[in-house]
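Based on the hints, put chain E in the right spot on chain C.
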Amino acid sequence: MAEVHGIGHSRKRVEDARFIRGQGNYIDDFKLPGMLHLDIVRSPYAHAKIKSIKTEKALATPGVLAVIDGKTLQKYNVHNMPTLMSDTQNVLPIDTVKYQYQEVAAVLATDRYTAADGVAAVEVDYDPLPVVVDPFKALEPGATKVRDDKESNLIWHWEWGDKDKTNQDFDKAEVTVKENIYIPRIHVASIETCGCIAKWDATNAHLTLWMTSQAPHVIRTVVALITGHLGLSEERIRIISPDIGGGFGGKVPAYPGYVIAVAASIVTGAPVKWIENRTENLAADSFGRDYHITAELAGKKDGTLTSLRFKTIADHGYTDAAAQPSKFPAGMFHICTGSYDFKNAFVEVDGVYTNKPPGGIAYRCSFRVTEAVHAVERMADLYAREVGMDPAEFRMKNFIKPEQFPYKSALGWEYDSGNYPAALRKAMDMIGYEGLRKEQAEKRARGEFMGIGISSFTEIVGAGPSKDFDILGLKMFDSCEIRVHPTGKAIARFGTKSQGQGHETTYAQIIAEELGIPSEHIKVEEGDTDTAPYGVGTYASRSTPVAGAAAAIASRKIREKAKKIAAHLLEANEDDLVWETGRFYVKGSPDQSKTIQEIAFAAYTNHPQGMEAGLEAVDYYDPPNLTFPFGSYICVVDIDRGTGEVKIRRFVAVDDCGVRINPMIVEGQIHGGLTMGFAPAMMEEITYDENGNIHGANFMDYLLPTAVETPKWELGETVTPSPHHPIGAKGVGESATVGAPAAIANAVVDALWHLGVRNVDIPITARKVWEVLHKHGATLEE
Amino acid sequence: MSTHHIKVTINGKAHEAEVESRLLLVHLLRENLNMTGTHIGCDTTSCGACTVLFNGKPVKSCTVFAVQADGAEVRTVEGLAQDGKLHPIQEGFHEKHGLQCGFCTPGMMMTTFALLEQYPHPTEDEIRHGISGNLCRCTGYMNIVKAVQYAADKMAES
Numbered sequence: 023m024a025e026v027h028g029i030g031h032s033r034k035r036v037e038d039a040r041f042i043r044g045q046g047n048y049i050d051d052f053k054l055p056g057m058l059h060l061d062i063v064r065s066p067y068a069h070a071k072i073k074s075i076k077t078e079k080a081l082a083t084p085g086v087l088a089v090i091d092g093k094t095l096q097k098y099n100v101h102n103m104p105t106l107m108s109d110t111q112n113v114l115p116i117d118t119v120k121y122q123y124q125e126v127a128a129v130l131a132t133d134r135y136t137a138a139d140g141v142a143a144v145e146v147d148y149d150p151l152p153v154v155v156d157p158f159k160a161l162e163p164g165a166t167k168v169r170d171d172k173e174s175n176l177i178w179h180w181e182w183g184d185k186d187k188t189n190q191d192f193d194k195a196e197v198t199v200k201e202n203i204y205i206p207r208i209h210v211a212s213i214e215t216c217g218c219i220a221k222w223d224a225t226n227a228h229l230t231l232w233m234t235s236q237a238p239h240v241i242r243t244v245v246a247l248i249t250g251h252l253g254l255s256e257e258r259i260r261i262i263s264p265d266i267g268g269g270f271g272g273k274v275p276a277y278p279g280y281v282i283a284v285a286a287s288i289v290t291g292a293p294v295k296w297i298e299n300r301t302e303n304l305a306a307d308s309f310g311r312d313y314h315i316t317a318e319l320a321g322k323k324d325g326t327l328t329s330l331r332f333k334t335i336a337d338h339g340y341t342d343a344a345a346q347p348s349k350f351p352a353g354m355f356h357i358c359t360g361s362y363d364f365k366n367a368f369v370e371v372d373g374v375y376t377n378k379p380p381g382g383i384a385y386r387c388s389f390r391v392t393e394a395v396h397a398v399e400r401m402a403d404l405y406a407r408e409v410g411m412d413p414a415e416f417r418m419k420n421f422i423k424p425e426q427f428p429y430k431s432a433l434g435w436e437y438d439s440g441n442y443p444a445a446l447r448k449a450m451d452m453i454g455y456e457g458l459r460k461e462q463a464e465k466r467a468r469g470e471f472m473g474i475g476i477s478s479f480t481e482i483v484g485a486g487p488s489k490d491f492d493i494l495g496l497k498m499f500d501s502c503e504i505r506v507h508p509t510g511k512a513i514a515r516f517g518t519k520s521q522g523q524g525h526e527t528t529y530a531q532i533i534a535e536e537l538g539i540p541s542e543h544i545k546v547e548e549g550d551t552d553t554a555p556y557g558v559g560t561y562a563s564r565s566t567p568v569a570g571a572a573a574a575i576a577s578r579k580i581r582e583k584a585k586k587i588a589a590h591l592l593e594a595n596e597d598d599l600v601w602e603t604g605r606f607y608v609k610g611s612p613d614q615s616k617t618i619q620e621i622a623f624a625a626y627t628n629h630p631q632g633m634e635a636g637l638e639a640v641d642y643y644d645p646p647n648l649t650f651p652f653g654s655y656i657c658v659v660d661i662d663r664g665t666g667e668v669k670i671r672r673f674v675a676v677d678d679c680g681v682r683i684n685p686m687i688v689e690g691q692i693h694g695g696l697t698m699g700f701a702p703a704m705m706e707e708i709t710y711d712e713n714g715n716i717h718g719a720n721f722m723d724y725l726l727p728t729a730v731e732t733p734k735w736e737l738g739e740t741v742t743p744s745p746h747h748p749i750g751a752k753g754v755g756e757s758a759t760v761g762a763p764a765a766i767a768n769a770v771v772d773a774l775w776h777l778g779v780r781n782v783d784i785p786i787t788a789r790k791v792w793e794v795l796h797k798h799g800a801t802l803e804e
Numbered sequence: 224m225s226t227h228h229i230k231v232t233i234n235g236k237a238h239e240a241e242v243e244s245r246l247l248l249v250h251l252l253r254e255n256l257n258m259t260g261t262h263i264g265c266d267t268t269s270c271g272a273c274t275v276l277f278n279g280k281p282v283k284s285c286t287v288f289a290v291q292a293d294g295a296e297v298r299t300v301e302g303l304a305q306d307g308k309l310h311p312i313q314e315g316f317h318e319k320h321g322l323q324c325g326f327c328t329p330g331m332m333m334t335t336f337a338l339l340e341q342y343p344h345p346t347e348d349e350i351r352h353g354i355s356g357n358l359c360r361c362t363g364y365m366n367i368v369k370a371v372q373y374a375a376d377k378m379a380e381s
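Protein chains in written order, with my numbering: chain C, 23 to 804; chain E, 224 to 381.
One chain only, chain C, in its complex shape:
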């Protein structure tokens, strides 16, 4: 009998078999007979009127079949589409472009080279318009208006918390600290770009869309809703997400290219493939972050925090195409009270239009949690300094105490469980915190700059309970369907979609643990809307908290039925049966037992009269609460006073994600998450010049860390199970991305504090640090 290999086992990954042989099935690997290629003409201007689009030369190119523009799509009323935030996004514009690299027209050709030739031959005449790039300027009276269909550049104002009490606290506080913190615009830059193949079958009026989507079911429903007037209804739409080469939130939204490909397939009757190149991916797909935060903390001289007040300008580009739960325009930014016991808090965010690409998606993060965590962790250090306390001691003093859980935060969240002092103490022990402080003092006396930074983050993931969380009205449950076959093997299907997280491996382990069927006998499938149960997809670390819970509950439903069958087979009373992994036995007679495999066989060959045959279950899991993973990270940096270069000497990460299903995969997620936290902290940023020209539209300008820059991570763990999750798991894919940047920024500021430096915004490049050193007369030669 094979081992069960359930929860806690570092099971090697099932999906590796195809990937290491070069047999993955990524979107660009598919080729259909008669398939056409679509390529896109994009705007060189950030804001311009389209005077004319001349297609004659393009259409004269052998192999070019059609050129589609906004007016073509307007005939079918599909030139615009709703964003996930119920704003409007152009599929193709009618007469105005609003950011550089916006889609202007699409060329359809027999192969991708010819399609590119066609793009080069389309002649577009533009009349440039004034550009607004800076969101603060966009809010000034008389600013250039980005959107003709809106009153102003202010998209929305959102606020949360008790404004009056918080303001009163600040008015009478013994200590207040304030800082402007910018979290720059970045891009997930998954190594695979986005793409699709649309195949319209006119005979059966059926659309199959293979696409790089983290949320295939939601896409199906959205396509049905926006094309209903054309006669396309949901049972005739099949979305298939094949293997995905990294998602990180960037493959949640629907992009214009997908819609154009669908329209092109309907118009031509041929399958149409659209694959982005890297520049299109970086310059036009949804960005992350871009939050300008004015953060304030108030409290007492003894270091006790009482109140928090954050005001934020959120640059959304030309349309609000963020991917947040619908009721939360700023996502879960109100987790910004973090790991600390604040009495009162108030947070407000203004969403602003600018002539930049749309987005605001969660770059490996649960809806603005990284922005919140970064700000509060930076501010914690500032406050500690202000009252002359060590940042570790300060955190220990202000943490929500283990006995306070479940804890209701000042901004209304109910934290499920936590032990923050334990995680920080462990990180301090691992890195030798007290010794490092001594070393730092000695080095500073010698004129060497070394810094130690802490980030004790609390995340909020697993969206979410249906009473609060929906996307375009679709409640944020998720699902698992399990069928146990007569021979005791099983297939399980889910509403989520892995992009590298290893679901085929870990979901099977949950079911194996619950049913005693070896995980190697459980096949896991996702991504095909014709076969998988409905779910809202994989992002925001929601797969384990929601679909993982559904796997456990569906397994338990199967176990309930299995118990009845076992009672029938053993001629025993159900109440006398005891479950141990993989079998039921009669209480007091452990030899009298039936294995799950025997029971499965009986479910099809010898089931009790009056009972349905078969052994299967489905669960749509509506989580009672979110989960709150946490951890403490400590980073040690050395700064080269000659060049401004920051060297991360050590980085210790203690994570608590509750119960770990597969420790090997959890650690892999943390390694990757830390690297995607390090990247924006030190390297990644997309900026624009005053004309809206992008800086960072390829991998020579947008810098991703290689193995050389990436620090060697040191991991530790504590385990505080989630009390409301069926297996106590919390989710871990994003914790490290959320928590890491503040540890790095805090370390750098710690190294420079004695010069009078209070803040260095990320990314902390050598140039930026050199400028700071230079300003304070502290470069080596000075």
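Bear in mind the hints are in silico, worked out from the structure with no lab data behind them.
Don't be surprised by glycine CBs; every beta carbon is placed ideally from N, CA and C.
It cannot be assumed that every hint is accurate.
Said to hold, decoys possible - Here are the simulated DSS-like cross-link-like pairs (lysine-lysine), alpha carbons at most 27 Å apart as the crow flies:
hint, chain 1, residue 1, chain 2, residue 2
1, C, K34, E, K230
2, C, K423, C, K185
3, C, K423, C, K511
4, C, K734, E, K369
5, E, K236, C, K734
6, C, K349, C, K545
7, E, K377, C, K669
8, C, K790, C, K159
9, C, K34, C, K734
10, C, K545, E, K308
11, C, K669, C, K34
12, C, K185, C, K365
13, E, K280, C, K448
14, E, K230, C, K53
15, C, K200, C, K322
16, C, K322, C, K194
17, C, K460, C, K172
18, C, K583, C, K194
19, E, K369, E, K308
20, E, K236, C, K53
21, C, K365, C, K430
22, E, K308, C, K34
23, C, K34, E, K369
24, C, K333, C, K172
25, E, K230, E, K280
26, C, K423, C, K322
27, C, K465, C, K349
28, C, K430, C, K511
29, C, K187, C, K34
30, C, K53, C, K465
To be verified - Partner residues are not named here, just some residues of chain C that face chain E (Cβ under 8 Å, in silico):
hint, residue
31, Y48
32, Y135
33, T243
34, P264
35, G268
36, D324
37, T326
38, T697
Showing chain E alone in chain C's frame:
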């Protein structure tokens, strides 16, 4: 567009093709020969997803023309396993969890192949510098380093 008749050996097998001057090697492999294990990640020779061995040297096949491969020996991820048996590099990536989404993996493994020819017993620094032309967005490289070390040890045994 002029075309050229080329002969190229891929994974030990001779191929002939009529190609446009501008056809990239990666498209010859993927589009003309249906060998889709080699991926495209960036178009600017930055990410390394398209790395193949070209007469034994790792090259980024998104910036090599197919005509340049006339008469060359090319090895791709499809040529790593022999007679159904995984190459130690493939084993290493699996055993040490050196991949997540798998998209960079073929290119990363081909670079590793060349790296281990140059440094059969590489230090961690040699590995990190050796794979620095290949970007991975998922793993943080820690387990890729371990995978390369695993492969080096395994190859030294045999």
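Quick rundown of the hints versus the structure:
no. : hint               : in the structure
1   : C:K34 with E:K230  : 40 Å, violated
2   : C:K423 with C:K185 : 25 Å, holds
3   : C:K423 with C:K511 : 45 Å, violated
4   : C:K734 with E:K369 : 12 Å, holds
5   : E:K236 with C:K734 : 41 Å, violated
6   : C:K349 with C:K545 : 36 Å, violated
7   : E:K377 with C:K669 : 33 Å, violated
8   : C:K790 with C:K159 : 24 Å, holds
9   : C:K34 with C:K734  : 23 Å, holds
10  : C:K545 with E:K308 : 24 Å, holds
11  : C:K669 with C:K34  : 34 Å, violated
12  : C:K185 with C:K365 : 12 Å, holds
13  : E:K280 with C:K448 : 46 Å, violated
14  : E:K230 with C:K53  : 24 Å, holds
15  : C:K200 with C:K322 : 15 Å, holds
16  : C:K322 with C:K194 : 10 Å, holds
17  : C:K460 with C:K172 : 58 Å, violated
18  : C:K583 with C:K194 : 63 Å, violated
19  : E:K369 with E:K308 : 21 Å, holds
20  : E:K236 with C:K53  : 23 Å, holds
21  : C:K365 with C:K430 : 10 Å, holds
22  : E:K308 with C:K34  : 18 Å, holds
23  : C:K34 with E:K369  : 15 Å, holds
24  : C:K333 with C:K172 : 23 Å, holds
25  : E:K230 with E:K280 : 19 Å, holds
26  : C:K423 with C:K322 : 19 Å, holds
27  : C:K465 with C:K349 : 51 Å, violated
28  : C:K430 with C:K511 : 44 Å, violated
29  : C:K187 with C:K34  : 53 Å, violated
30  : C:K53 with C:K465  : 61 Å, violated
31  : Y48                : 7 Å, holds
32  : Y135               : 7 Å, holds
33  : T243               : 26 Å, violated
34  : P264               : 12 Å, violated
35  : G268               : 5 Å, holds
36  : D324               : 40 Å, violated
37  : T326               : 37 Å, violated
38  : T697               : 4 Å, holds
Checked against the numbered hints given earlier, the structure breaks hints 1, 3, 5, 6, 7, 11, 13, 17, 18, 27, 28, 29, 30, 33, 34, 36, 37 and satisfies all the rest.
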